[in-house]
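Colleague: Numbering (this note's numbering), first residue to last: 392 to 655.
Just so you know, the hints here were simulated from the structure itself, not pulled from any lab data. Hints are not guaranteed to be accurate.
[Claimed, not checked] With a straight-line Cα cutoff of 16 angstroms, these simulated EDC-like cross-link-like pairs (lysine to aspartate or glutamate) come out:
1. K475 x D594
2. K475 x E430
3. K470 x D500
4. K475 x E636
5. K470 x E426
6. K475 x E540
7. K470 x E503
8. K637 x D594
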Amino acid sequence: MNPNFWRVAHASAIGLAHINQNTECQDRFACRTIETAAEGEILIAVVADGAGSTTDGQTGAAAACAIFTEEVADFLSAKDARVKSLNEEFGRRWIGYFQQQIAATAAADKKEPRDYASTLIGAVIGPTAAAFYQIGDGGIVFSPDGAPESYRFAVPPVEAEYVNVTDFITDETAAERLRFVLVEEPVEDLILFSDGIYAVAVDYQSNRPHEPFLMPMIAPLRRGGAVNGLNEKLENFLASPKINEKTDDDKTIILASRAGATSI
392 MNPNFWRVAH ASAIGLAHIN QNTECQDRFA CRTIETAAEG EILIAVVADG
442 AGSTTDGQTG AAAACAIFTE EVADFLSAKD ARVKSLNEEF GRRWIGYFQQ
492 QIAATAAADK KEPRDYASTL IGAVIGPTAA AFYQIGDGGI VFSPDGAPES
542 YRFAVPPVEA EYVNVTDFIT DETAAERLRF VLVEEPVEDL ILFSDGIYAV
592 AVDYQSNRPH EPFLMPMIAP LRRGGAVNGL NEKLENFLAS PKINEKTDDD
642 KTIILASRAG ATSI
């Protein structure tokens with residue numbers, strides 16, 4: 392594992408429900424690396440799912456992704472800041488700032504903050520530690536070494552009977568409902584996905600990641616070969632009849648690996 396070279400692929404595909412309703416995809420995502428004084432390259436990845444029952448969920452999701460990445464990058468720009476310095480309190484402060492921004496947007500648009508409701512899952516990974524944040528549904532899967540049995544959820548997935556019940560970062564109780572996990576070991580592989588692919592990405596019998604679905608998708612990144620065109624292939628796969636038979640929701644996935652990679 393090269394601690395300072397991430398290979399990344401990502402895609403979103405609109406769900407059939409939104410196609411039939413003539414509405415846009417309400418999932419949004421962001422993924423970037425930053426250079427820090429204390430730890431070198433840090434990966435920041437986030438997926439947000441705008442609530443389908445709202446008028447501007449996609450706007451809230453886009454704002455959540457942008458503000459999360461900006462706030463994390465700003466926090467880690469301090470001279471001695473490290474990933475393991477991130478904590479639950481940082482997440483709560485971020486939620487407060489996000490809600491202030493959304494309240495201002497809502498007031499300007501003559502709407503309510505709940506009109507911008509969205510979930511959020513975020514990952515921040517450095518050389519020797521990873522911080523994970525989650526509000527609402529979605530999946531964060533990681534592995535320290537890429538072995539199939541080592542892939543695990545940062546936060547246990549929503550149980551099948553509760554898949555349509557979730558929390559949003561616009562909720563008054565969002566800070567209380569925030570789930571934070573700090574992993575103080577190197578993370579080699581990362582997979583983030585919205586709840587639109589729960590049906591194929593989660594093995595509900597074992598409450599584990601569904602390896603037959605996820606492993607083939609991250610394999611090209613682990614091999615360290617060319618990834619040209621992989622984003623397009625992922626998007627086509629998420630939009631395929633095979634996936635749409637399982638779900639009519641929007642679908643988003645971020646894949647990242649630093650296995651077998653060499654810096655250029």
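Colleague: Hint by hint, say whether it matches the structure.
Modeller: Quick rundown of the hints versus the structure:
1. Restraint check for K475 and D594: not satisfied, since their Cα atoms lie roughly 30 angstroms apart, outside the 16 angstroms limit.
2. Distance hint between K475 and E430 is fulfilled; the C-alpha atoms sit about 11 angstroms from each other, no more than 16 angstroms.
3. Restraint check for K470 and D500: the C-alpha separation of about 39 angstroms exceeds 16 angstroms, so the hint is violated.
4. For a cut-off of 16 angstroms, the pair hint linking K475 to E636 is broken: about 41 angstroms separates their Cα positions.
5. In summary, the hint linking K470 to E426 is supported, as the alpha carbons are separated by about 11 angstroms, within the 16 angstroms threshold.
6. Pair hint K475 plus E540 does not hold up; C-alpha atoms about 25 angstroms apart against a cutoff of 16 angstroms.
7. For a cut-off of 16 angstroms, the pair hint linking K470 to E503 is broken: about 39 angstroms separates their Cα positions.
8. At roughly 14 angstroms between alpha-carbon atoms, K637 and D594 fall within 16 angstroms of each other, so this suggested pair holds.
The earlier numbered hints that this structure contradicts are 1, 3, 4, 6 and 7.
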